[in-house]
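**Q** Next come the chains, spelled out residue by residue.
2 protein chains.
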Amino acid sequence: MRADLVISKVDEHNLQHLLHLIEELARFEHLAPPDRQARARLERDALRSDPPFSAFLAFLDSKPVGYITYYFTYSTFQGRPNLFLEDIFVHEGARQRGVGRELFRFCAQEALAQGCGRMEWSVLDWNENAIRFYESMGGKRLGWFFYRLDEEGMKGLDR
Amino acid sequence: MRADLVISKVDEHNLQHLLHLIEELARFEHLAPPDRQARARLERDALRSDPPFSAFLAFLDSKPVGYITYYFTYSTFQGRPNLFLEDIFVHEGARQRGVGRELFRFCAQEALAQGCGRMEWSVLDWNENAIRFYESMGGKRLGWFFYRLDEEGMKGLDR
Numbered sequence: 702m703r704a705d706l707v708i709s710k711v712d713e714h715n716l717q718h719l720l721h722l723i724e725e726l727a728r729f730e731h732l733a734p735p736d737r738q739a740r741a742r743l744e745r746d747a748l749r750s751d752p753p754f755s756a757f758l759a760f761l762d763s764k765p766v767g768y769i770t771y772y773f774t775y776s777t778f779q780g781r782p783n784l785f786l787e788d789i790f791v792h793e794g795a796r797q798r799g800v801g802r803e804l805f806r807f808c809a810q811e812a813l814a815q816g817c818g819r820m821e822w823s824v825l826d827w828n829e830n831a832i833r834f835y836e837s838m839g840g841k842r843l844g845w846f847f848y849r850l851d852e853e854g855m856k857g858l859d860r
Numbered sequence: 702m703r704a705d706l707v708i709s710k711v712d713e714h715n716l717q718h719l720l721h722l723i724e725e726l727a728r729f730e731h732l733a734p735p736d737r738q739a740r741a742r743l744e745r746d747a748l749r750s751d752p753p754f755s756a757f758l759a760f761l762d763s764k765p766v767g768y769i770t771y772y773f774t775y776s777t778f779q780g781r782p783n784l785f786l787e788d789i790f791v792h793e794g795a796r797q798r799g800v801g802r803e804l805f806r807f808c809a810q811e812a813l814a815q816g817c818g819r820m821e822w823s824v825l826d827w828n829e830n831a832i833r834f835y836e837s838m839g840g841k842r843l844g845w846f847f848y849r850l851d852e853e854g855m856k857g858l859d860r
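In order, the protein sequences belong to chains A and Z. Residue numbers for the first sequence follow the numbering used here, so the first one is 702 and each next one is one higher. Residue numbers for the second sequence follow the numbering used here, so the first one is 702 and each next one is one higher.
Please keep in mind that the hints were generated in silico from the structure rather than gathered at the bench. Ideal Cβ positions, reconstructed from N, Cα and C, are used throughout, including at glycine. Keep in mind that the hints are not guaranteed to be accurate.
As the list claims (entries may be wrong) - The calculated label-pair distances, taken between Cβ atoms and stated as ranges, are: (1) A/K710 x Z/R749: 19 to 29 Å; (2) A/Q797 x Z/S709: 46 to 56 Å; (3) A/A741 x Z/R740: 39 to 49 Å; (4) Z/P752 x A/K856: 26 to 36 Å; (5) A/S750 x Z/A814: 15 to 25 Å; (6) Z/R749 x A/K841: 28 to 38 Å; (7) A/K856 x Z/D705: 22 to 32 Å; (8) Z/H731 x A/N828: 28 to 38 Å; (9) A/L748 x Z/R842: 31 to 41 Å; (10) Z/Q815 x A/L732: 14 to 24 Å.
Unchecked claim - As a list, the in silico DSS-like pairs of lysine-lysine whose alpha-carbon atoms are at most 27 Å apart: (11) Z/K856 x A/K841; (12) Z/K856 x A/K710; (13) A/K856 x Z/K710; (14) Z/K841 x A/K841.
The following block holds chain A by itself, in its conformation from the complex (with noise of 0.2 Å):
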């Protein structure tokens, strides 16, 4: 890896970094960020020592300029766990310098590592320079519809 990126897991000396580019990925998506309560909840989860996902942060000269979040999924055709890249991002003043493409490296080697079949994810719509970024990585658009079911809708269903 290049000697001025370095990326580092998720711990409690950084974690601060990681939430504050949480919110920022969430502004820049136009989704609603993580609240008080969200984010005491997230804080608590990265600390696990079974944490639901991992976490790792990226450093540009010493600087932390974005991260990515994961956890494994399941293919039940192939028998075999897939990495599912939940969130990636790089802050906009650190574009365009390959740490989007570091990170995303890093996960495909970390999915290897792990025996996954596969490396998953979603994109917006509209996001146009994701998408061109992920089809650049060689990611294939597959013809899935992607569904939600909220808390009251959950709960709609037990009345």
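Dock chain Z against the given chain A, drawing on the hints supplied.
**A** Frame of chain A; chain Z shown alone:
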């Protein structure tokens, strides 16, 4: 729940029913079913003490007619886990009898019990019956594209 329908956790006694139904789902979706090696991995993983996915079978009048598999993902914006429904399938001969609905409700209850903020899943864009079903259960389609990098693609990034 209805007296004619039983939802049972997959274990060593009923695992072969699960494998059979997974193959049926793959054929229905025109996707590659698990090959011999994948079946062996799936059997091993399903029976691990810390399985990478949860699996339940639906028995209608004591016959295995459907199944679900799911795992937990994580929303960094919500600071909460989500339940991701990987597979939901009801054998053709047992459709229109509410089995899918009960399996789906079972998942939503499990998601709530585990403190999830959301239940999520994906659906093939041509599967109109499934889409109609999911929307009848309150599912909302999101504006995301789904991307994948296969093993070759991951290895290619390493060169």
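**Q** For each hint, tell me whether it holds in the structure or not.
**A** Verification of the hints:
1. A/K710 x Z/R749: 19 to 29 Å: 25 Å, holds
2. A/Q797 x Z/S709: 46 to 56 Å: Holds, at about 54 Å.
3. A/A741 x Z/R740: 39 to 49 Å: 43 Å Cβ-Cβ, so the 39 to 49 Å window holds.
4. Z/P752 x A/K856: 26 to 36 Å: 27 Å, holds
5. A/S750 x Z/A814: 15 to 25 Å: 23 Å, holds
6. Z/R749 x A/K841: 28 to 38 Å: 30 Å, holds
7. A/K856 x Z/D705: 22 to 32 Å: The hinted range 22 to 32 Å holds for A/K856 and Z/D705, with Cβ atoms some 26 Å apart.
8. Z/H731 x A/N828: 28 to 38 Å: Between Z/H731 and A/N828, where Cβ atoms are some 29 Å apart, the hint holds.
9. A/L748 x Z/R842: 31 to 41 Å: 35 Å, holds
10. Z/Q815 x A/L732: 14 to 24 Å: 23 Å, holds
11. Z/K856 x A/K841: Holds. Z/K856 to A/K841 sits at ~15 Å (cutoff 27 Å).
12. Z/K856 x A/K710: Distance of about 22 Å is within 27 Å: holds.
13. A/K856 x Z/K710: 22 Å, holds
14. Z/K841 x A/K841: 24 Å, holds
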